[in-house]
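**Q** With the UniProt record's numbering applied, the sequence shown covers 1 to 1137.
It is possible that some hints are incorrect.
Simulated pairs of lysine to aspartate or glutamate, EDC-like, Cα-Cα distance not exceeding 20 Å [as the list claims (entries may be wrong)]: (1) Lys742 - Glu708; (2) Lys388 - Glu830; (3) Lys471 - Glu521; (4) Lys876 - Glu830; (5) Lys582 - Asp572; (6) Lys724 - Glu830; (7) Lys483 - Asp528; (8) Lys295 - Glu828; (9) Lys331 - Glu311; (10) Lys234 - Glu224; (11) Lys699 - Asp746; (12) Lys209 - Asp228; (13) Lys331 - Asp228; (14) Lys1062 - Asp965.
Restraint-style ranges between C-beta atoms, simulated for each label pair [as the list claims (entries may be wrong)]: (15) Asp229 - Ile90: 24 to 34 Å; (16) His808 - Glu1033: 48 to 58 Å; (17) Pro715 - Pro429: 37 to 47 Å; (18) Ala1003 - Thr861: 36 to 46 Å; (19) Pro903 - Asn1045: 38 to 48 Å; (20) Pro606 - Pro715: 20 to 30 Å; (21) Glu201 - Asp952: 51 to 61 Å; (22) Asp322 - Glu201: 52 to 62 Å; (23) Glu707 - Pro429: 39 to 49 Å; (24) Pro396 - Asn757: 31 to 41 Å; (25) Thr585 - Gly395: 46 to 56 Å; (26) Gln399 - Pro367: 47 to 57 Å.
Hints are computed from structural coordinates only; laboratory data are not their basis. From a predicted model like this one, the values you see are computed outputs, not experimental measurements. For every residue, glycine included, the Cβ atom is placed at its ideal position computed from N, Cα and C.
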Amino acid sequence: MDLVNFKNLLDRLQSPDHDIRTEAETTFSNIPPTDRLSLLLQSMTDATLSPVDRTLSAVLCRRLLMNDCDEAFAPLPEETKAAIKQQLLISIVNESVDQMRRKIADVAAELVREHFGDDNVCQWVEFQPFIFECFRSPESGLREIALHLFATVPAVFGPDPTPLMPNIGQMLNQGLHDSNPRIRVAGFRALSAFLVHNSTETSVQHALKDLAQPALMAVIANLESDSDDDTMLKCLVEMADATSKYLRPFLPLTLDLCYKVLCNTNLSDPMRHIALEVIITLSENIPSSVRKAGKNIIEPLVRTLLEMMTELEEDPDWATVDAPEEDEEDKNAITAEMALDRFACAMGSQAVLDEITHTVPAMLQDPDWKKRHAGLMAISACGEGCHKQMEGMLGPIIQQVVPRMADPHPRVRYAACNAIGQMAADFGPRLQKNYHSAIIPAILHVLDDKSPRVQANAGAALVNICETSPKGVLVEYLDDLVKKLEDVMTAKFQEMVEKGHKLVLLQTVTSIAAVADAAGENFAPYYDRFMPGLKYIMENALHPDLRLLRGKAIECISLIVLAVGKERFMQDASSIMTLFMKTQTDTAAEGTGDASGEDEFADDDPQVNYIITAWARICKLLGRSFEPFLPTVMPQVLRTARLAPKVCVLDDDEAENFDPESWQILPIGEDQNCAIRTSTLEDKATACQMLVCYARELKESFAPYCEEVLNTMLPMLNLCLNDKIRSAASEIMPYLMDSMKKTRPDLVADAWDKVFNKLLEAISTEPERELVADHLEALAGCIERLGVGYLNYERMTEIHRLLDRFFHEHFEKDEERTAKRQDEDYDEQEEERILSEKDEDEYVLSKMCEVMRAIFSTYKTDALPLFQQLMVHVVKLLEPNRPWSDMQWGLCFCADLIEHTGPQSFALKDFFIPAFARAIMHQQNDIRQTAIYGIGVAAMFGGPNYTATLADFVPPLIQIIEAPDAATEDNNICRENAVSSITKMMKYRPECLVPAGLNDMNALIARWLTWLPIWEDEEETDHVYGYLCDLVEANNPAVLGGPSNTNLPRIVSAIARVFSEKALSRPDDEEGGASVAPNGVGSDKQINGDKSGSDVVSVYDRCVAILRLIRSNSTVFEACMAHLEEKERQAVVECLS
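Could you build the full structure based on these sequences and the hints that come with them?
**A** The structure is reproduced here in structure tokens:
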């Protein structure tokens, strides 16, 4: 195509006629990319064309390079590429029209982004000198464009800009002080972009520290000269987010500047909102600094936000609209409400709450409904951030909020419901437990409200109340709740049929589901009052506009059947499963346009998420009985799990046109944004989580799908767009490995090779600490389920490198926290943030321990070389000056070492036995318990070499058991573990008791019996009661109480108590607890030599047998039962029946 025809095409692309424009767009897209680039470059630099055509050419050229540079520029010969680059620079210099020069510069900037290698060095070597050369020009337009290019591509100065810092600093300084306001703006943009790009380089921030104050003064000057130009304030937001500490020395000036802008009602609202965003962003990033430097504006800012929240528009139709209230984020009231929420969370300050408690009560009594509304929304907004301070004020707050649920104005009633719902989420279950008598009757009343929006919001508040309410509280109101919801559902269904109104009906169905979920089996009597109506909706709500209603009905049905249990569900299972399958196949046919059986919903069908989740709930209820439904369910779940995330790169103008409700817009550069379709990701995440449910519940029955699911989920370990997807991708791996090993062992080696490499890559690159822990847990689960043979030397080495790196990071992060405590801005709220970070690190450390435990439990002594390489880190964890959580996990590492390497662990005892000795009397119960447990492990598995070492621990263990406060709530878990450790010594290593003066075993047994019952730690309870059964079954006179069996009442009492506490695993439990701890079984076989794994009788059954034996003598049995409490007697009767 020649330039003449191309000019004509440009004109047609701008035609108001849709058909002409569509034809032109098709023609344009059919031009080969390289030709398209050439034509656009020529057109935008052709001064004979109209400004409109040239501008359009530049815009299209930039988009072509942004989206298709590999097709448009990369294939060109090198000499052509060089010519294009040279022509662009020449055009920037020669262009006389400022707007066009900027457009050409944007094209050049887009092209330079494609010239960075893996070393982040720009390969377009002429570009950086060109910027400096332009800035030295006497022409203001070139100086401005130099700063514009600087701001657009700050990376052009290389990964280490240190050698250029004098030139960069001089250029930026001159730009900020230029007499031309446009150059000052460009200079500020360049400074901001450069600091943001180098946000982790403290040397860069230090080198430019003298520019902070001139930059802020430039903002003030710009606001005075052009109050509509928000460029600098927008850049200030970016600086506050990425380089907040650069601004810290000038926080008073920054906060004062932005607060004055916020309060200046002569400025536009968007300008004021940006200034507010600067304050909030700084508060979130350096809260302690803002608390100190901005202490004088905290309360005035809260007052200003409360005033802005009253800026609501009168809307006479609001109360009758059958649609949810839409939050218009550009409105002052919504902007202020969201800012107050974020500010309260960031500050966590009493100063925020002081102003709320001072101002809001009067607002709630004000004649102006807008103030009452704002006061209630303020309570909703502050709950999360001021949680600690508000917890003690819930009573007075409830007293002020509940009456507003009967307010004469519907929007105030709406806000009151919102406040109750939000408080239920923030303060549950305490709120429901203490104030249910006020809030639940009030909610019941508003469920009859004449305004659909209020009525629906009351239902939403009820959902929040149910989610965190103790079951006992909810059951108290269950009759009233069910009747009200049944009446509302009936009335609103009729209203939908007659008028098409759906808002309240949709919410009511969700509320019924929430009540059923919270009530559990208590909902069974009401099953028949709701299920017919819900099934009727599924059968008859066939119009596309009712798909969401059908989806909510599906959700409600599945939650009700999960609540009432399998037995009740099976009476109705046939009709429900038929309905679900019909929905799956019929809707799929509608979505694909045929009935091919592909079982695919339309991409935008809201039922997808609901039906996928419902099937998973049914699977959880039915277990392996769900297997026949998999062929119907799996195609849709897999299809949704494989949905390609919808992501596109947009310039600022394009981003403005995207719906923020459906798309998340993330700035990624100057005039560049990444748009992510959030609904697609949410559906994809749900499908992935449901695949985890199927793999977990169905076990080997899921085998036919394992390979396909594995290939689907593996790539998602690195999907950066959604945390839930990455978490599900790692969680499913152990279940898939387990199923494949049991059913398709021929596939396991190749599958594990992929999983291992992908998991380690994910662990190494994952930015979120919680997900690092999830991935480590998945690795441990895979190792345990696969067993011996799947970790060769190379893989062990890779795990060592990974754990070694994480240990180093753990200690470095601890040092960073110590440094933060020495910071000038350290305060109580900062300590809370530090402790939150510490919790994340501890969680990761606990999962590192799980990986080592999995390796030890699988490879036993073969894992010793790996442990020995990490021993230096474990020893550091055990140092007395380490945080107590470090010591706890260090002790866990050592306990696993002893348990799984047995006598060979003794060679390393000098590294950990002193730590056990220090820990056994530690003030932290968790430390004491872990140390005591480890001593018991040494008795059970350590072998005879540990005899002398164990003897030293006998006196302190008995001291712990027999201390006057041993059985208190805080100390009992340590007492029980000590009882278990002594029990293990008595059973496996009795010779260690003699040096402690316990050489009379019969006397010790009689004393030991007085230490029972125990029940808190199920694993240790199994060991102790297993030993009790050993003694009784052997007719040991010391435990029975001599010839007259005087200890039988004590034995019955000990067994009755442990049964009443449900602390012994029953062999028919669904989770199938082991009869004794797995290693205990192994040791019984090894030591006694008379039990095979398949013939072991559970400790529970052995205890029942002892009770039956005693019951054979009715007189003795009745005498024993007479000493029991009612709960214990019932437990004995139940087990004997």
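**Q** May I ask which of the numbered hints given earlier this structure violates, with the numbers listed in increasing order?
**A** Numbers 4, 6, 12, 14, 24, 26, in rising order.
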